Amino acid sequence: MVMKSSVDDDDAGWGLGIPEKMRNNVNWVDVTHEFKGACKELNLGELLHDKLFGLFEAMSAIEMMDPKMDAGMIGNQVNRKVLNFEQAVKDNAIKVRDLSLPELIGIIDTCFCCLITWLEGHSLAQTVFTCLYVHSPDLIEDPALKAFALGILKVCDIAREKVNKAAVFEEEDFQAMTYGFKMANNVTDLRVTGMLKDVEEELQRKVKSTRSRQGEQRNPEVELEHQQYLALFNRIKFIRLLLTALIAFTKKETSSVGEAQKLMAQAADLLSAIHSSIQHGIQSQNDTTKGDHPIMMGFEPLVNQRLLPPTFPRYAKIIKREDMVVYFSKLIERIKTVCDVINTINLHGILDFFCEFSEQSPCVLSRSLLQTTFLIDNKKVFGTHLMQDMIKDALRCFVSPPVLSSKCCLFNNHQAKDYIDSFVTHCSRPFCSLIQIHGHNRARQRDKLGHILEEFATLQDEAEKVDAALHGLLMKLEPQRQHLACLGTWILYHNLRIMIQYLLSGFELELYSMHEYYYIYWYLSEFLYAWLMSTLSRADSSQMAEERIAEEQQKGRSSKKAKKKKKVRPLSKEITMSQAYQNMCAGMYKTMVALDMDGKVRKPSFELDSEQVRYEHRFAPFNSVVTPPPVHYIQFKEMSDLKKYNPPPGSSDLYLAASKHFQQAKLILENVSTPDPEVNRILKVAKPNMVVMKLLAGGHKKENKVLPEFDFSVHKYFPLVKII
Amino acid sequence: MAPLQLEAPSSSQARQKLEGLLNKNMRIRMTDGRTLVGLFLCTDRDCNVILGSAQEFLKSSDMFSQGEPRVLGLAMIPGHHVVSIEVEADTLADAQCFRGSH
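Heads up: the protein sequence lines correspond to chains C and L, in order.
Position 665 (the first sequence) corresponds to 665 in the working numbering; numbering is contiguous.
Position 15 (the second sequence) corresponds to 15 in the working numbering; numbering is contiguous.
Honestly, the hints are just simulated from the structure, not real lab data.
Keep in mind it's a predicted model, so treat the numbers as computed, not measured.
Don't take each hint at face value.
What the hints assert, rightly or not - Only some residues are given here: those of chain L computed to face chain C with a beta carbon under 7 angstroms:
#1 L18
#2 D44
#3 E86
We treat Cβ as the ideally placed atom computed from N, Cα and C, and that holds for glycine.
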């Protein structure tokens with residue numbers, strides 16, 4: 001809020017209010033001496049203040065002359081004049097024509113670095129707009145620099161629009177403020193790409209004319225010039241490709257996404273040439289006066305200092321040129337990956353795509369592009385499919401509900417149609433939100449997942465009611481068929497996935513203490529994964545029932561013998577993976593209990609809270625879910641009580657059991673026919689843990705009281721247990 | 001508190017003077033040449049001053065950056081950075097005259 005008002009008020013408040021106060025007709029009377037004298041009379045620690053002004057208000061004051069809080073201080077201490085673009089041009093401090101090639105290359109590279117720094121969450125005022133040239137490209141006479149300045153403004157403008165539209169950013173990801181700067185809005189996108197193209201062609205001619213000819217004695221100066229022209233050419237081409245790709249993303253046709261992907265690939269090809277020619281650009285000079293920000297022609301880090309709100313990060317650290325190319329190549333890779341989403345048609349596939357993409361912690365721009373590619377103008381998926389149809393397809397693939405089968409009498413039944421259509425319509429918003437959640441940064445996702453459970457609980461309720469109504473209808477029309485818990489199973493499946501992800505992400509975000517691991521893993525293995533597997537197998541049998549009916553109907557119609565081929569069940573992979581995850585969690589749970597028995601888990605001395613308080617806090621979002629019902633602490637304690645076994649297991653029994661779980665996980669995963677990276681990652685944890693647990697079961701280092709280490713570097717949810 | 005009441009008359013007089021200035025417009029020049037204008041809200045023995053709705057003006061010698069001030073809001077100026085303190089004359093007159101007879 002502070003940021004907003006400070007800028008909005010720029011014209012209204014500041015212009016009018018201030019001169020009035022500063023005008024000489026207000027008589028200022030110096031009271032310095034008396035004031036200071038009077039202050040000395042006050043007691044130590046005594047505050048003289050208005051009744052309405054207390055210590056609390058005093059706390060929120062910014063402290064002047066404290067470099068951390070006082071943004072104005074820096075600008076004042078630098079021993080140089082901070083000039084804006086017009087002033088700099090007038091003072092001849094900056095060239096607008098006849099720039100040398102090294103100058104152009106250096107300015108462009110610094111701009112690229114600023115662009116990246118902005119995309120990484122700093123403000124435009126402290127990054128891209130520290131470049132004076134972009135303040136008003138109209139003043140630039142050099143055609144290459146002018147086209148580039150416009151190009152980078154357009155890139156910023158489109159990127160900002162995309163990020164704003166996707167709305168998957170928080171203040172830590174992105175600063176959308178433009179501080180009233182013009183983002184080259186008076187020129188069309190097409191005009192800018194045209195200008196860049198012209199410059200490019202001109203440069204290409206220069207590159208060709210300086211190229212070495214056969215048998216010619218090479219003049220080193222000409223060779224250097226050739227290299228520099230080539231370097232500039234590559235940079236101009238790069239910004240043009242980047243801009244054209246972003247423009248392609250703003251189009252509504254799916255084909256333009258493929259075009260963007262091609263453009264990004266072309267841009268990627270330029271990167272190594274850009275990298276190897278960085279040294280051709282001029283470098284910034286370090287300001288010796290204050291060990292200050294590096295100064296470079298065309299850049300003034302402090303030019304916008306007074307636009308910033310009082311409390312704001314002082315300097316944005318602009319990334320190094322060497323890192324720029326690496327960042328760009330990763331960015332391009334991410335954008336290319338984003339383009340692949342259009343090849344996934346099934347809603348579950350898309351959801352998995354979003355999850356997987358998010359796991360690499362991608363940047364805000366690629367996350368936003370993914371969102372805007374998925375749902376164009378918030379209506380149609382990829383601009384072509386209705387969300388409702390996507391949901392119906394997903395339902396068909398997952399549980400094959402009779403109501404959605406053309407072979408079932410419900411398919412053309414009015415009432416049934418109304419039921420299912422209204423249910424699907426109600427589903428579309430929560431599912432869109434779910435996909436949007438996966439576009440947020442990892443830390444924010446967790447919180448949002450907790451909240452969306454409420455919406456899914458409502459859907460669950462509706463699904464069960466619709467199932468019951470449809471079943472009632474079906475019993476009258478086709479008594480041999482059933483419509484039991486079809487929609488309910490599907491929603492439950494998503495519920496469970498969200499809950500599991502909520503818990504697991506706590507490991508990734510390092511939220512849990514070691515002494516909490518055991519109940520988290522317990523909840524996952526004994527409860528959520530158990531539910532997930534039974535849900536998946538119910539969906540699987542529902543699919544099979546539908547297939548059987550379809551087969552029978554086919555047999556009835558034609559005498560062709562139905563081929564008895566053994567098809568791979570569509571859900572088998574997911575069931576297998578869930579089994580593996582469950583075993584991993586169970587192994588970790590038993591490990592933690594056993595380690596605790598041996599006194600190898602450090603527990604806090606609960607003074608103000610208790611384990612129950614922590615437990616309830618950890619699972620609080622699950623309270624809004626009806627199915628599966630939340631397991632309360634008391635229930636958990638009863639269910640996990642070891643005394644119910646006779647004789648109660650000791651730590652070595654538990655280590656052995658844990659080892660078996662890890663072994664089981666290993667066996668399951670080794671049988672996966674096409675192991676993906678995730679399978680391999682789990683295997684890398686399962687194998688060593690299995691061995692370590694076996695050793696511990698045999699009494700290895702039992703007397704050793706050194707606490708074990710949990711290493712999450714291989715897998716973010718399952719640690720390697722290390723006994724030192 | 002009792003001890004406060006029993007203090008020397010000069011001390012309570014000083015306190016009164018300062019209280020008379022509360023919520024008055026104040027202009028403070030800092031050691032680095034900047035000037036802050038805002039409402040006087042609070043001070044203490046070390047002459048740390050808190051101004052409300054403060055605005056920052058750069059030193060007048062700086063021709064280029066002069067012009068509009070920057071809004072700071074609530075700002076605390078440490079006593080050792082205070083160079084001079086001024087109050088608006090007309091408000092001073094209302095406030096039963098800080099300097100006494102003048």
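Against the structure, the hints come out as follows:
Contact between L:L18 and chain C, as hinted, is supported at the beta carbon level, the nearest pair being about 5 angstroms apart and thus within 7 angstroms. Hint status for L:D44 relative to chain C: holds, with the closest Cβ pair at about 5 angstroms, below 7 angstroms. This hint holds: L:E86 has a C-beta 4 angstroms from the nearest C-beta of chain C, less than the 7 angstroms allowed.
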